[in-house]
Amino acid sequence: MLSGYPEAYLKERPRWMSLDAVADFFYFGFRNLRKYLSIVLLDMGAIGILWLLMNYVIIRLSTGRIGYALVPWWVFGLGVVEAAALWESFGRSFGHRVARVELRRTDGGEPTATQRILHWLLWHVSVLPIFPLLFIPSPHERVSGLELRPFTMEGRTPKPWWRTSTGIYVAWLTGVALLAAISVTVSWEDLVRLFTKAGTTAKFWRSFFSPDTSIILKTIRDLIVTVFMAMTATSFAVLVAVPLSFLAARNLMRGVVGRLIYTVIRGMMSIIRSIEPVVWAIFFLVWVRVDLTPFAGVLALFVHSVSDLTKLYAERLESIDPGLIEAIAATGANRLQILRYAVIPQIVNPYISFTLYRWDINIRMATVVGVVGGGGIGQALFFYLTGNLWRQAGTVMLFIIALVWAIDYLSARLRAKLA
Amino acid sequence: MAEPYLVVEHLTKVYERGHVVALKDVSFEVQKGEFLVIIGLSGSGKSTLLRCINRLIEPTKGRIFIDGVEITKLSPRQMRKFRRKIGMIFQHFNLIKRATVMTNVLTGRLGYNPTWMTLLGIFPRSDRELALKNLERVGLLEKAYVRADELSGGQQQRVGIARALMQEPELLLADEPVSALDPATSHSVMQYIEQMNREDGVTVLASLHFLSLARRYGTRIIALKDGELVFDGAPEEIDDRKFKEIYGEEAEEVEIR
Ligand SMILES: Nc1ncnc2c1ncn2[C@@H]1O[C@H](COP(=O)(O)OP(=O)(O)OP(=O)(O)O)[C@@H](O)[C@H]1O
Ligand SMILES: [Mg+2]
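Protein chains in written order, with the working numbering: chain A, 237 to 655; chain B, 470 to 726.
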């Protein structure tokens with residue numbers, strides 16, 4: 237790890253009692269900790285999930301009930317930890333693959349069986365109580381003479397996936413998960429009903445396709461409201477998301493404070509985004525109690541758009557060409573000038589393009605948000621559907637299809653122009 | 470001998486807490502008006518060295534003097550001011566692709582104009598005239614209002630040269646200016662750089678991949694290998710043995726005409 241230092245730099249490494257030495261200790265220590273911990277957690281997670289799913293399937297298929305544990309929980313916990321230790325010592329585990337490392341001798345050779353056993357035994361006293369990880373190299377590596385090295389394919393022939401432990405694991409997991417998923421969501425009775433009840437719903441289908449012309453004007457009014465909802469939400473979202481995106485771009489937020497702001501904003505945005513607009517709409521309906529006005533719907537779309545746009549914008553910012561920034565900085569330009577001449581030219585078109593895309597999504601979302609009372613055409617649709625007014629519902633749906641298709645086409649054309 | 474224009478003393482650059490040592494204790498001097506060529510294999514630290522000289526990259530250790538000023542001591546603000554005298558051109562041109570050639574060339578004057586004006590895209594008339602003059606000089610006058618990404622590679626590099634000329638530089642840093650160009654175009658671009666060196670008295674530091682180009686244009690050559698300075702002398706001094714030392718045993722010299 238320290239081999240990269242030049243000779244002079246090595247000699248001048250900080251003295252033990254200095255603050256630099258303390259900083260180095262924590263820096264390297266925590267890097268070490270992160271390295272092992274991420275691999276161990278990945279492996280335990282991988283094994284744990286497979287184990288739970290297998291129990292689930294066994295219980296479900298044999299008794300029809302839902303359950304996860306065939307063994308006491310402490311047995312499960314110990315088993316998972318032990319399996320991870322074995323996997324990491326005797327093979328190239330799932331975690332190793334994700335981290336792109338493998339266990340090799342310090343001189344680069346293939347580990348011997350003795351070394352692997354030593355590694356496995358010492359793993360228990362070194363990785364489990366976590367603290368020893370602050371020592372570099374940590375005891376289980378130091379004594380066994382093994383270490384995690386970056387994996388390369390140099391001078392090897394690739395094994396087919398079914399000959400690798402991770403390949404077998406992933407295949408096994410996929411199979412079991414599929415089995416579990418089907419056993420929960422599909423039953424034989426449902427399938428039978430799906431194919432035998434078509435005739436009895438014919439009346440429903442017929443009325444659906446004979447539009448009610450008397451509600452056309454009202455429907456168009458609702459349609460316009462829906463488009464306006466999307467426009468309001470998108471415009472205000474852009475105003476908030478553009479400045480936020482600069483704070484959420486990894487390459488611009490350097491240093492400790494920068495990284496913190498970056499992490500907080502990205503985290504918040506992904507939480508907000510993971511809640512669907514419909515849920516937000518219900519939330520705002522309860523909050524602002526604006527019955528039958530589109531305001532709650534607009535708020536819902538706004539909140540969701542902000543988080544989505546911030547992410548899209550920030551990712552675009554992260555992929556800008558640093559060469560241009562260098563070139564403009566080299567002329568003696570200051571930060572604002574670099575922003576104006578190196579950053580903005582690279583992001584305007586993508587930003588506009590993302591905004592159009594989001595507007596397009598918001599129109600579709602606006603119809604869904606309306607269903608819970610967020611206003612616009614969705615609300616009308618919901619009203620007709622719950623009132624068994626199938627003809628009117630069919631009419632509204634025709635209009636929604638036409639609108640979505642038109643907007644889709646328009647925004648695709650505009651975006652093609654910008655690219 | 471006169472006071473050297475550029476002095477690099479014990480320059481060391483370590484990337485990311487000791488992972489890569491890009492420059493190891495590099496020292497050399499450059500006289501005013503020299504055309505210094507830096508050669509070395511890929512990854513030997515040429516780009517790092519050039520970027521340390523205008524502090525686009527902060528050196529880990531060592532000192533750099535330009536015209537008697539210790540630039541490694543300057544505050545960021547003073548450094549920005551100082552950079553106006555140092556032009557730079559790049560392997561991949563680094564132009565604003567969506568902007569016109571004119572705008573690109575004018576960015577060379579950013580350091581000389583008030584921020585608020587440049588933010589609005591306003592440049593004084595004298596700057597616009599200078600821009601046209603410099604475009605004429607690199608033979609691109611009629612392309613002034615063409616978008617930069619519509620130009621060929623050689624033309625784009627000439628825009629890069631015009632941008633550097635706008636700074637009215639004393640020193641030009643060129644990081645592999647012709648590596649992305651074909652041999653004939655390479656020579657035309659190199660000749661513009663040579664002209665800056667000869668006629669305007671600009672000191673040039675250029676990294677080049679081909680030794681033949683280095684011999685043809687350089688008045689002096691330094692060579693880097695794994696971040697260390699392994700050669701410093703006249704172009705003629707590089708014989709077969711030296712060549713192998715710099716580029717490794719298996720290397721063959723290729724001509725580019
Ligand atoms: N930002 C960076 N972070 C970490 N290491 C870097 C960084 N930039 C360069 N390096 C490393 O520093 C060393 C020198 O790189 P540099 O780009 O200066 O070489 P070069 O001589 O210009 O090579 P090339 O001819 O390929 O451009 C390389 O080993 C490179 O991997
Ligand atoms: Mg380079």
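If you're looking for bench data, these hints aren't it; they were derived computationally from the structure.
Don't take each hint at face value.
Heads up, incomplete: computed chain A residues facing chain B, CB under 8 Å, no partners named [stated by the list, open to error]: (1) 334; (2) 335; (3) 338; (4) 342; (5) 407; (6) 411; (7) 413; (8) 447; (9) 552; (10) 555; (11) 559; (12) 563; (13) 564; (14) 567; (15) 572; (16) 577.
Listed below are the simulated DSSO-like cross-link pairs for lysine-lysine, each with C-alpha atoms no more than 27 Å apart in a straight line [stated by the list, open to error]: (17) 530(B) x 554(B); (18) 566(B) x 501(B); (19) 566(B) x 653(A); (20) 501(B) x 612(B); (21) 530(B) x 550(B); (22) 612(B) x 653(A).
Far from chain B, some chain A residues (derived; all Cβ distances over 12 Å) [stated by the list, open to error]: (23) 566; (24) 574; (25) 576.
Owing to the predicted nature of the structure, the values given are computational and were not obtained by experimental measurement.
Built from N, CA and C at the ideal position, the CB exists for glycine as well.
Hint by hint, here is what the structure shows:
1. At about 21 Å, the closest approach between the beta carbon of residue 334(A) and any beta carbon in chain B exceeds 8 Å, and the interface hint on this residue is violated.
2. The criterion of a C-beta within 8 Å of any C-beta in chain B is not met by residue 335(A), whose closest approach is roughly 17 Å, and the hint is violated.
3. With its C-beta approaching chain B no nearer than about 20 Å, residue 338(A) sits outside the 8 Å limit, and its interface hint is violated.
4. Below 8 Å, beta-carbon pairs count as interface contacts, and residue 342(A) has none with chain B, the closest being about 18 Å; its hint is therefore violated.
5. With 8 Å as the threshold, the beta carbon of residue 407(A) stays out of range of chain B, its nearest partner Cβ sitting at about 37 Å, so the hint is violated.
6. Among the interface hints, the one on residue 411(A) is violated; its C-beta lies about 41 Å from the nearest C-beta in chain B, farther than the 8 Å criterion.
7. A least Cβ separation of about 39 Å between residue 413(A) and chain B goes past the 8 Å threshold, and the interface hint is therefore violated.
8. Given hint, residue 447(A) at the interface with chain B, is violated; its Cβ is 48 Å from that chain's nearest Cβ, farther than 8 Å.
9. For residue 552(A), the shortest C-beta to C-beta distance to chain B is roughly 14 Å, which exceeds 8 Å, and the interface hint is violated.
10. Interface restraint check: residue 555(A) against chain B, minimum CB-CB distance 14 Å, threshold 8 Å, status violated.
11. Of the supplied interface hints, the one on residue 559(A) holds, with its beta-carbon coming within about 4 Å of a beta-carbon of chain B, less than 8 Å.
12. This hint holds: residue 563(A) has a C-beta 4 Å from the nearest C-beta of chain B, less than the 8 Å allowed.
13. Evaluation of the residue 564(A) hint against chain B yields a held restraint, the C-beta minimum of about 6 Å falling below 8 Å.
14. Hint status for residue 567(A): holds, given a least beta-carbon distance of 5 Å to chain B, under 8 Å.
15. Of the supplied interface hints, the one on residue 572(A) holds, with its beta-carbon coming within about 6 Å of a beta-carbon of chain B, less than 8 Å.
16. With a least beta-carbon distance of about 5 Å to chain B, the hint placing residue 577(A) at the interface is held under the 8 Å criterion.
17. Between residue 530(B) and residue 554(B) the alpha-carbon distance is near 23 Å, which keeps this suggested pair within the 27 Å criterion.
18. Straight-line distance between C-alpha atoms of residue 566(B) and residue 501(B) comes to about 34 Å, which puts the hinted pair past the 27 Å bound.
19. In summary, the hint linking residue 566(B) to residue 653(A) is supported, as the alpha carbons are separated by about 17 Å, within the 27 Å threshold.
20. Straight-line distance between C-alpha atoms of residue 501(B) and residue 612(B) comes to about 33 Å, which puts the hinted pair past the 27 Å bound.
21. About 22 Å separates the Cα atoms of residue 530(B) and residue 550(B), which keeps this hinted pair within 27 Å; it holds.
22. As the CA atoms of residue 612(B) and residue 653(A) are separated by approximately 24 Å, the hinted pair is consistent with the 27 Å bound.
23. Residue 566(A), annotated as away from the interface, has a beta carbon of chain B within 12 Å; the closest lies near 4 Å.
24. Against the 12 Å criterion, residue 574(A) falls within the reach of chain B, whose nearest CB is about 9 Å from its own CB.
25. Annotated as non-interface, residue 576(A) brings its C-beta within 12 Å of a C-beta of chain B; the closest such distance is 5 Å.
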